[in-house]
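4 protein chains.
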Amino acid sequence: MISVAVAGASGYAGGELLRLLLGHPQVRIGSLTAGGNAGTRLGELHPHLGPLADRVLAQTSPDTLAGHDVVFLALPHGASAALAADLPDDTVVIDCGADFRLTDAEQWQAFYGSEHAGSWPYGLPELDARARRELNGAKRIAVPGCYPTAATLALAPAFAAGIAQPEDVVIVAASGTSGAGKGLKPHLLGAEVMGAMSPYGVGGGHRHTPEIEQNLTRVAEVPVTVSFTPTLAPMPRGILATCTAKVHPGVSANEVRAAYEKAYGTERFVQLLPEGQWPTTGAVLASNCVHVQVALDERVGRVIAVSAEDNLTKGTAGGAIQSMNLALGIPEETGLPTTGVAP
Amino acid sequence: MISVAVAGASGYAGGELLRLLLGHPQVRIGSLTAGGNAGTRLGELHPHLGPLADRVLAQTSPDTLAGHDVVFLALPHGASAALAADLPDDTVVIDCGADFRLTDAEQWQAFYGSEHAGSWPYGLPELDARARRELNGAKRIAVPGCYPTAATLALAPAFAAGIAQPEDVVIVAASGTSGAGKGLKPHLLGAEVMGAMSPYGVGGGHRHTPEIEQNLTRVAEVPVTVSFTPTLAPMPRGILATCTAKVHPGVSANEVRAAYEKAYGTERFVQLLPEGQWPTTGAVLASNCVHVQVALDERVGRVIAVSAEDNLTKGTAGGAIQSMNLALGIPEETGLPTTGVAP
Amino acid sequence: MISVAVAGASGYAGGELLRLLLGHPQVRIGSLTAGGNAGTRLGELHPHLGPLADRVLAQTSPDTLAGHDVVFLALPHGASAALAADLPDDTVVIDCGADFRLTDAEQWQAFYGSEHAGSWPYGLPELDARARRELNGAKRIAVPGCYPTAATLALAPAFAAGIAQPEDVVIVAASGTSGAGKGLKPHLLGAEVMGAMSPYGVGGGHRHTPEIEQNLTRVAEVPVTVSFTPTLAPMPRGILATCTAKVHPGVSANEVRAAYEKAYGTERFVQLLPEGQWPTTGAVLASNCVHVQVALDERVGRVIAVSAEDNLTKGTAGGAIQSMNLALGIPEETGLPTTGVAP
Amino acid sequence: MISVAVAGASGYAGGELLRLLLGHPQVRIGSLTAGGNAGTRLGELHPHLGPLADRVLAQTSPDTLAGHDVVFLALPHGASAALAADLPDDTVVIDCGADFRLTDAEQWQAFYGSEHAGSWPYGLPELDARARRELNGAKRIAVPGCYPTAATLALAPAFAAGIAQPEDVVIVAASGTSGAGKGLKPHLLGAEVMGAMSPYGVGGGHRHTPEIEQNLTRVAEVPVTVSFTPTLAPMPRGILATCTAKVHPGVSANEVRAAYEKAYGTERFVQLLPEGQWPTTGAVLASNCVHVQVALDERVGRVIAVSAEDNLTKGTAGGAIQSMNLALGIPEETGLPTTGVAP
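Protein chains in written order, with numbering that gives the first Met the number 0: chain A, 0 to 342; chain B, 0 to 342; chain C, 0 to 342; chain D, 0 to 342.
Worth flagging that the hints you see were computed from the coordinates, not collected in a lab.
Built from N, CA and C at the ideal position, the CB exists for glycine as well.
Warning: the hint list may mix true and false statements.
As the list claims (entries may be wrong) - Derived coverage of chain B by chain A (criterion: at least 3 residues anywhere in the stretch with Cβ under 8 Å from a Cβ of chain A; other residues may be distant): (1) 6 to 18; (2) 267 to 277; (3) 281 to 288.
The whole structure should be built from the sequences, with the hints applied where relevant.
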């Protein structure tokens, strides 16, 4: 059995990690730690995790996390780097935060305003062959952001196939409010979010922008720039990413389709839907699958790709466990749900 | 492997059966049938069931259902009896409809207005020792209604312990709209149900009323009568049942607590929450667990018991599979989720 | 013009008062005050109140509230009494909080745990003839709680007509989350409340219990006791109160209907729906109307009355303005919406 | 008093027209007609419209609509043209459908597939000076589509000021499900839409695309092309339109801001929010106001403008009444709400 610790078990990402780890046949759940919630019974914080209800959260520290094969860090952005430095080199450390996602120190500085901690292998196996290769046997893994997972998977095939132009990419994504975390903020109150949609981070400032650009640039092999606008939708979970890029002159609908079929034909967790069927976040709730569909708008010369994911599952905790499986050399799909909960 | 067919695979109960059966390690999913949706690709109707997306629904008939170890009937009320009669005696037939739930022909006639088809072993193992015993090896099983499961589990311990009085039981339950099925009715449109609560079947007419009374009478061993009012809540799934009964004079809070601890101490799918923690449907979404809590209101001499369940999981499909496990003599909990999906 | 000040303008009740006062043809909106939000532009707190967006909140104090014909207090429970004492006797002071609702000092002490501040005329004109009479020309008014408004209007006719028995009243109500206010609490986060129902204050401890009993006792002229369980529903606004009482032997459905028609035949803001049509909170969103329906369940000898209201409108701010109109001797319905916003 | 008839009073647009007309001080509501719902009591279809509950719907026909100063047509697309031809020339006819919105017969043919009925003065007074001028005294008015209202108001100032480039406009909009109407379709069931977001009409096929292009082309005075993707959001009402266009080189944030201030500085129903505050549909629920905000993303050379409207109010019925006011020469804002209902 693989012994696993979760730091930040009190938050939404932590809770989702535990939900999935409970279903993982080769995992034994070890230390569960938190910051302000240390000392609390897990059943109070996550009443949906019945089998762990009587566990009490320890204080997050290198000591409480020691002695595990795998440590997941589900901490506020910026908190992972210091902690990770104190964990043994041969422990698999998987960071659900942003600290190690960006390879470019300048971009990090520009969007996060702190010193760059470095970068770790990027936990999106479907990005390209290199990604999966680097995750095999990795001891340190940076889990992608929830928006970058959705947006990258929607557009990467168009860039990998050389179909899309690298400028004028526009991405508008809607996220359930769990994506904003469990912190107490007035605009996240139920009465505020139910029945309402609103944008945030408009104008290019959202921190997931450079991460999306990094991914698309990597597959395009030329610099890709992105206008990215996230919006908050009245649902607990789910991201719907509507992504569009200009295509090179003469690209046909068949070429577009072929590029996506080639990219995802053998992927277990990214499903290109049959032509004409569009993704809905409802179909991927609690699933590790991302649904993708694509169309060519010939009038305006643009490809429109839409992806739906569960921001907490494939967008965070499921993606993290998928990477853990690769790191440990066990089948990639072990313990990960391929069905959603609907309706 | 157990070969399983599902009749009525296009509806919400059918979809939930398939979601759970996909996770059942000893099941092979055989025929999937429907009425008006025969001929349709399952992926169109249930996009969340990726692994079955390419299955095409057959027409429901004894022929298409033949040759399986187990047949689940997820049909409109009244449609099961005729079909069941044409299925082999040694096939395990599990009816998610109402046809075989009531033992009293008069009550059936009064609430359903048609001829009584008879009654089958009742698929609520937690009801009493007899229930679980009768399910062992059963070839015909009547799955309880979603409201009766929630309401019965909330109040049965109080009646089994002789604490509650059999008159003046009042139950008010709120259900997600999937409980009303997939039929197209104006009041079930999203724009109508979001942001709104409304009652229905008020005044004692709801067909689950005699089923709740039958269950509570069985454990109380005296006739129990119930005022039951269901309401429609703006959520896809979940039932919250608020149930109250007068207690006999002198009953103490400790006795109440003890009765519930005794009833559910060893049950895997019914969890009495720690004192002071109240159930929320959010914690049992997609889980086969029911959360129960109880309080004694000494001012008015009433016990108030609240249960939360997922109407499609423990309230229908999960309960059905739990009974299947018992019927087949495999561990009762096989393939059934004990964690919810939250937030 | 009537000059009106609102203390506590930053909260949900304050915001709803302002929404309605903006539509009141005889009102001039004067001071707007707050506690921690003093100094803030109203447009930041209530972006829906465009015409007042540039107003800046003053600090709540007798000075900032001085010089108005009417002062509304929309403050946390317990904060009104001290402030009210410092407002001039000839100012109409309307308290949306609980401080002056209960007439019985012992009940106050039992449920609120502090010293009783006294009681003011009760702002529910439809309760009985005395209520409306006392509001005429009143200088101090206690606005009813949101649940008591809904529950009282549902059951009062049955008690006024001597139809209902005073024991074994059971009320289960579902409320939108704005009823819990704008305070930052984890269980009120959008991700927690969407898709979930949960009870609270179970077992007779909710502070609205004695207020409901006080109202029903007043119309019944014998002591009425109530089992009251509130639940939180996944919607921003609205209360659906399902209320049931035993009827005296021999009471007929016609008598029940007649009692309700007599009670509400001429009321503008309480509408008894046509027989067979049940209330939905969706139909009274943003309206000052309460919809009521009633049925007799002869099997169990109970009347079931259901009411739907908007907790912020008729349940708080609309009810407050209706009382203001009576206090000032202007037509009771002035400035109050009789239509809902649907769907 | 102005006598007003509403054809199609049973639908969502019809219901919203009636809600607003009830609050219009100069209107007398005359004939209310429907197709399949003729003969039904309005209270059954629109329980929120208490004051009209006892009205019975007549059959839609020139006869039942005769004798009014104003006739609103809230009919399925394609049904207005024939009916309008039979209404007197001196009756003000206001079509909430699409029949008379497009000026280009070819575009009509391409997107609607039927013969072009012609075009009427376009009911968006804020579009440009000509729009308001043409509405003054008009006898025939085409009410804009809900998406075109939101998208046009978001981007028009950038085109009017010559700031935006006419190609590569991308619009992604989220709409509440009332925008899809009251027709019974499986994907509009509450259980399907709650908790889920999904796109539709992807790839340039949505019929509002040419209407948006027509509007922006009109203000830009060069042909503007648009990639438009609508999505369905889990809320009853509201549109959030995220709109982006490339700016000409050298355009500054100040210029952008100035263009929007100039466009909307004196508009009553379009509010440019203070810098840094972004629109939310929650703030314009039931209001005739549109909230707009804009930012310049200098990294990618794009202006991002976001608008929030209530699709049924400003997006349909409120916009229609605003145009009626102009047609009749009464103050444009008469009877139209400038506050939203929140939370």
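Now for the hints, and whether the structure bears them out:
no.: 1; hint: 6 to 18; result: holds (count 3)
no.: 2; hint: 267 to 277; result: holds (count 4)
no.: 3; hint: 281 to 288; result: holds (count 7)
Going through the hint list in order, the structure satisfies each hint without exception.
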